[in-house]
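2 protein chains.
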Amino acid sequence: MDHIKRADRLGAITRILTATPNRLHGYAEFCELFGAAKSTISEDIDIIANSISRFAEGRVETIAGASGGVRFRPLPSKKRMRETLNGLCARLSQPGRLLPGGFVYTSDLTSESDAVWSIGEILAAEFYDVEPDVVLTMETKGIPIAMSVAQMLDVPLIIARRDSRAYEGSAVKINYIAGNGVDLETMALARRAVKSGQKALIIDDFMKGGGTLGGMVELMQEFQVKVVGIGVMIATAKSPVAKLNVRALMTIEELDEVGNRAIVRPSPYFAAKAELQ
Amino acid sequence: MDHIKRADRLGAITRILTATPNRLHGYAEFCELFGAAKSTISEDIDIIANSISRFAEGRVETIAGASGGVRFRPLPSKKRMRETLNGLCARLSQPGRLLPGGFVYTSDLTSESDAVWSIGEILAAEFYDVEPDVVLTMETKGIPIAMSVAQMLDVPLIIARRDSRAYEGSAVKINYIAGNGVDLETMALARRAVKSGQKALIIDDFMKGGGTLGGMVELMQEFQVKVVGIGVMIATAKSPVAKLNVRALMTIEELDEVGNRAIVRPSPYFAAKAELQ
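Those protein sequence lines, which keep their order, are chains Y and C. In this note's numbering, each residue carries its 1-based index in the first sequence increased by 2. In this note's numbering, each residue carries its 1-based index in the second sequence increased by 2.
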């Protein structure tokens with residue numbers, strides 16, 4: 003192999019690190035790839051870390067020690083958080099989105115990779131420290147956001163379903179009380195989806211009465227899995243957010259049934275975090 | 003702003019390009035960000051393109067002309083395709099995965115971001131040229147793979163559902179004949195999910211009788227949307243793959259009911275593409 007200059011390495015190292023968010027790469031991987039000394043790679047990493055922190059979003063972190071290495075974590079700047087929250091709230095507050103039952107139409111947002119990425123980035127950043135082993139969601143609409151969070155945390159996404167279906171093999175099925183406090187619902191998860199003793203992060207798109215989230219917490223108890231966090235895209239103003247310790251990105255403040263619209267605002271927690279006035 | 007050296011730019015440019023696969027970025031974006039001349043940015047891009055093509059996966063492409071710019075497309079090398087296909091087939095051929103009805107347990111694979119990424123990368127590469135406007139899938143198990151393909155193509159993911167639910171607003175619902183040729187099934191899609199005249203790529207996880215895929219094709223006809231491609235993760239040996247012109251990554255060659263396993267192999271098309279012996 004001919005002599006490889008620094009500029010020839012930086013693009014590939016950046017790509018490799020950012021393609022696997024939150025995953026620790028040993029320096030040896032890069033030393034081998036480029037036939038370079040550890041000190042050289044270490045300097046490359048410093049240059050990349052500086053470039054990304056100044057001009058892009060996210061953070062390159064180096065972990066010292068024998069089991070150490072380098073990893074990239076997506077982390078939105080306050081500016082990007084403000085743009086994301088303001089943009090989402092403006093769109094969700096548009097007339098025509100209010101649906102029967104006080105729900106809001108969000109499927110166009112959660113079908114866009116930009117929106118899903120931005121939401122995932124903000125929610126994931128809340129939970130790096132609690133180091134979940136899996137992300138759990140309930141089918142169907144929460145899946146894109148939950149998958150985005152799982153990708154950024156570099157953990158598997160597991161999906162609870164409304165019924166246990168033949169093609170998932172044996173499953174654990176529970177009954178839970180819906181958010182209206184009356185209806186009995188069921189949810190199921192493949193027995194091999196998660197192991198006892200693991201830590202789960204629950205992510206969903208919408209929280210109203212908290213029934214589905216409560217069901218997922220119960221489901222994890224069945225598996226002897228600890229719930230280390232709950233994050234949702236939108237909660238209604240009356241959601242039991244505090245009771246379940248839920249991080250909600252946005253809140254539906256009021257329903258304007260005449261104008262056929264919901265007033266959606268950044269939640270106080272994330273408004274403060276993004277330094278929104 | 004102090005003088006910004008080349009090495010200070012390469013990491014950030016790589017991150018920005020690779021965070022938005024298949025999206026065209028004008029040079030002006032980077033000229034502005036770094037206060038640099040177009041010729042300087044153009045040299046940066048050439049260096050990054052070379053670095054990624056030599057040492058990582060994917061391709062940085064420059065498009066000339068007034069509406070031109072630069073984009074990054076994930077493209078697996080033949081080596082990575084071989085590793086992905088061999089790895090997936092080995093895992094899917096393990097004993098214990100055979101489920102009632104000739105299905106194979108795949109939910110652990112489609113819950114892993116690595117596997118989903120690799121599958122998405124291979125399938126997306128088949129369809130860059132037909133330029134779909136949306137990716138369509140049917141809930142639930144195909145969603146992670148479909149979302150991965152949609153991210154790489156930079157288009158929205160739309161999800162057909164088994165029934166039209168209140169919180170998606172008005173929906174188009176169709177009946178279709180299941181793959182067994184007997185049962186009548188329904189699927190629904192929100193009316194605002196896709197516009198007449200757009201082009202759709204259909205992605206799903208499993209193809210047996212082709213009923214669900216056929217239903218999705220019909221559904222797109224209802225919306226006056228052209229289906230420009232169909233890709234699936236696994237097809238059974240008797241699937242009507244040719245009839246529907248489906249690109250299947252892997253094929254279930256036979257079922258070993260005594261050993262409780264399926265023999266899964268790369269499909270001939272992708273085996274040839276990956277230069278598998």
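Rather than coming from a laboratory, the hints here were simulated on the basis of the structure. Some hints here could point you the wrong way.
No copy is singled out in the list; a pair is fine if it fits within one copy or between any two copies.
What the hints assert, rightly or not - Heads up, simulated SDA-like pairs for lysine to any residue below, C-alpha to C-alpha not over 25 Å straight-line:
#, residue 1, residue 2
1, K228, I6
2, K275, P97
3, K7, F57
4, K80, E133
5, K245, E31
6, K275, R194
7, K197, L26
Hints and how they fare:
1. K228 - I6: neither (48 Å within a copy, 47 Å between copies)
2. K275 - P97: neither (28 Å within a copy, 49 Å between copies)
3. K7 - F57: For K7 and F57, the Cα distance is within 25 Å both inside one copy (23 Å) and across copies (13 Å).
4. K80 - E133: Answer is within: at 23 Å inside a copy they meet the 25 Å cutoff, but 34 Å across does not.
5. K245 - E31: Answer is neither: 45 Å inside a copy and 45 Å across each miss the 25 Å cutoff.
6. K275 - R194: Close neither inside one copy (37 Å) nor across copies (33 Å); limit 25 Å.
7. K197 - L26: within (23 Å within a copy, 43 Å between copies)
The earlier numbered hints that this structure contradicts are 1, 2, 5, 6.
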